[in-house]
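Can you build the whole structure from these sequences, using the hints too?
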Amino acid sequence: MSSRNLDRFGVPGWLQALPFGLVFAAFFIVPLILVVIVSFWDYNDYQMMPAFITRSYTESFEGCLTRLPDLCTLFKTYLSTAKFCLIVWALTLVIGFTVAYFLAFHIRTQTTQMVLFLVCTIPFWTSNVIRMVSWIPLLGRNGLVNQMLIGGHVVERPVEWLLYSQFSVALAFVHLFSFFMVAPIFNSMMRIDRRLIEAAYDGGASGWQMLTNVIIPLSKPGIAIGSIFVVTIVMGDFITFGVMGGQQIASAGKAIEARLNALQFPPAAANAVILLGATMLIITVLNRIVDIRKEL
Amino acid sequence: MTDSNDFSTGVSRRDLIKKGGALVAASALGSFPAPAVWAAEEKILRYLGTAVNQSDDITKRVKAETGITIQNIVATTDDVTKRVITQPNSFDILDTEYFSLKKLVPSGNILAMDAKKIKEFDNITPIFTKGQLPNGKVIGDQGTAPKKVMFVEGEHSSTFSKTPTQWVTLIPTVYNADTLGIRPDLIKRPIGSWAELLNPEFKGKAAILNIPSIGIMDAAMVVEATGKYKYPDKGNMTKQEIDMTMAVLTEAKKAGQFRAFWKDFNESVNLMAAGETVIQSMWSPAVTAVRSKGIPCVFQPLKEGYRSWASGFCMSKGTTSKQQEWVYEFVNWYLSGWAGAYLNRQGYYSAVLSTAKSNMEPYEWAYWMEGKKAEKDIHAPDGSLLEKAGATRDGGSYDDRMGNVACWNAVMDENDYMVRKWNEFIAA
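The listed protein sequences derive, respectively, from chains V and F.
In our numbering, each residue carries its 1-based index in the first sequence increased by 119.
In our numbering, each residue carries its 1-based index in the second sequence increased by 38.
Hints are computed from structural coordinates only; laboratory data are not their basis.
Any given hint could turn out to be false.
Stated by the list, open to error - Simulated crosslink set (BS3-like; lysine-lysine; CA at most 25 Å straight-line):
1) F/K157 / F/K414
2) F/K291 / V/K195
3) F/K414 / V/K202
4) F/K414 / F/K331
5) V/K195 / F/K277
6) V/K195 / V/K339
7) V/K195 / F/K301
8) F/K291 / V/K202
9) F/K157 / V/K195
Structure (C-alpha cells):
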C-alpha cells in the first residue's frame, strides 16, 4: 500500500512508525538503560544490591593510569580486540568486495546473479558454531592440513600455529563474516548506474581508473554498512575467540563472559557499557568517512 | 554419558500439547464437557544439573520404578548457578556441586533437605558428614570440602553449621577425585607429580580447565609440588597468594605451555584424543571416553594427591509440598542402589556404598572400588567394553583414591579479585 493510500485513510506518520518504535524501545532502549543502571550497583557473591557506586568502573580501569607505560588489563584486552577487528575488517573487505564485484559486473544475467548470491548464503544454513568447530579437525596438530604438509614433505614436524592461535581466530572470523561484506557491497554495486561506467569507458578510463574513480566511491555506503556489521560482531564476540583461540586470547566479550560466569553482573554490565562506548566510537569515525544516511 | 544433551523437556512439552489438543478437540465436539484430566496428577520433576548424572537410562528407570517423570535441564556448572540465582522457579530439583553452595545458600533460592526423610541418610559415606573415609582415615579438607557446607543451622537458615544437624544443604549423589590425564604413548616416561603440568618438556601440549576457580587450584597444586610455596588453604587464597599463583600461570602461558583451556567434557576428550595435549587436568569419565576410542590415556595418580569434587540434590524454594514429596521419593530412589551402581560403573563414586554394592556384580565391585584386577571384562553401563580382564583401575581402590584427596573444588572469599586477575592472565 503506498503512502498516499495511507494518507487518504488518515493514518499519520507517527502512528505508522509506532509499532517499530515500541519494539525498539522494549527490546533495545529499556534493556540498555537497565544495563547502565546495573553497572552502578554493588554486588557480592550471590546478589546485586541497588546503589550508586562506581566500583565496577574503577575496578575495570584499575591500573590504567598508574601502571603506564605498561598497559592495564582493560587496554590490553581492547588492544587485542581492536587488532582482530582491523585484521578481519581488512580481509573481509578485500574478499567481500572482490566477490561482490564479480557478481555485479562479471555475471551477465540477473538470474545467474541471484542464484550465485543465494549460493553465498548456503553456509548460513548451519550454525556458526558448527562452521567454526569444523575447522578444528582440519587445523589440529594431527589434522588434515598438517598431514598434507608432512606427507608432501613441506614441513618435518606439525605446524603448531594453525590452531588455537591468532591465525585460527582470524581465519574463523573471515570465514564466518565475509558474507556480511558481500551483501551490502553487492547491493550498492547493483545500484550504480551502468551509464556512468560506459561514460568512463568512452572517456578512455582504464579498468583501474574506473574502479577507483567510479565503482569504489559509489560502493562506499555498502562498504560502510558491511564494515559496521563486521566491526560490531568482532568487537562483541567471545565464542570464536574462545573456541578457536583455545580460551587464551583476550577479547572484550570474553572479559564480560568471565564476569557473568562468576555471577558478577554489575562489572559485566560496566564492561558492556565500556564496550558499547568503544564500538560507537568506531562507528562514529566510520560515519565521518561515509555519511551513510546521505548516500542511501 | 556422552549423549548428555537429552532435553526430554521438549518431548513432554510436545506430549502436553498433543493431549491439550485432544482435549480441545473433545470439548469442541461438544459431546462431553472437558473432563478433569489435569487433576489426575502426573508426577513431574524438572531436574536442573550438569549432565554428570543426568542420563537417559536413569530417567527411564526412575519412571519405571517410581512413576516420576524427570525432565532434564542440562547446563554448565556456571550456568546452573546462574539459573538458580536468577530463575529459581525454572526447576524443581537441583543437582549441583558443593562449592556453589557459598553462593546458593545465602541467596535463599534453595531449600534444605530434611535428613529424617532420607532413608539411607545414616549410610551416606562419612566423607560428607565427617570428612573421613569409612575406615576412619581423615582426608584433605582444603577448599570447599563438603563437610564444611553440608548442614545449615535450621530449616530456613542460611548459616552453615559446623556440626551435623537435621537440615542438609545437598544430599550427595556423586563425587570423585580428579587428577591429571596423560597420554603415556606420547610422554613415554612415568609421571608422578603435579609439577609436570608446567614442565617445559610439554610446551604447547598441556591444558587446564577454563573455570577460573578450578584452574587456579590446579596451578596451586603445581606451585606446591615444585616446592615454591605451601598454601595454608589452596581453596581460599589471600590476594598475595592469588597474585603469586597467577604469576606462575602467566609465565607458563607466555612461554606457550598451554595448547588450550577446556570448558566442557567433550572438549577435554577431543584435545586428548587428537593429540593436541598430552597432559591436562581431566575428569575420570573423559579419560574413559578417550580410552574407548582405542587411544591410550591414563588418569594418573600423583604423589601430591587429588583435587576432589562432589555434587548433590536439593529443592527449589518454588516447589509445592506435593513436589517436595516427589523430590524425597526420587532422592530416596537415587540412593537405593541402582543409580549408585550405574555411577560407580562410570568411574564416579556413589554416596551410599552399601546399596550400590548390592547392585553390582562382585567382580565389578572388586575392580571399581577395591582396586583389584578385573576377573572378567569390564563394561560401561551402556554395554561397551571399557577394560579387558586383568586390568586394574588407575589410582587403585576407593580408599587409595579418596584417601589421597588434597583439596576440594572451591569458591574463594576473594573470588571477585580472582576473576579480575584471571582476565588479566588471559590478556597477558
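Now for the hints, and whether the structure bears them out:
no. : hint            : in the structure
1   : F/K157 / F/K414 : violated, 34 Å
2   : F/K291 / V/K195 : holds, 16 Å
3   : F/K414 / V/K202 : violated, 58 Å
4   : F/K414 / F/K331 : holds, 20 Å
5   : V/K195 / F/K277 : holds, 22 Å
6   : V/K195 / V/K339 : violated, 32 Å
7   : V/K195 / F/K301 : holds, 23 Å
8   : F/K291 / V/K202 : holds, 20 Å
9   : F/K157 / V/K195 : violated, 56 Å
Figure legend: structure checked against the earlier numbered hints; hints not met, in rising order: 1, 3, 6, 9.
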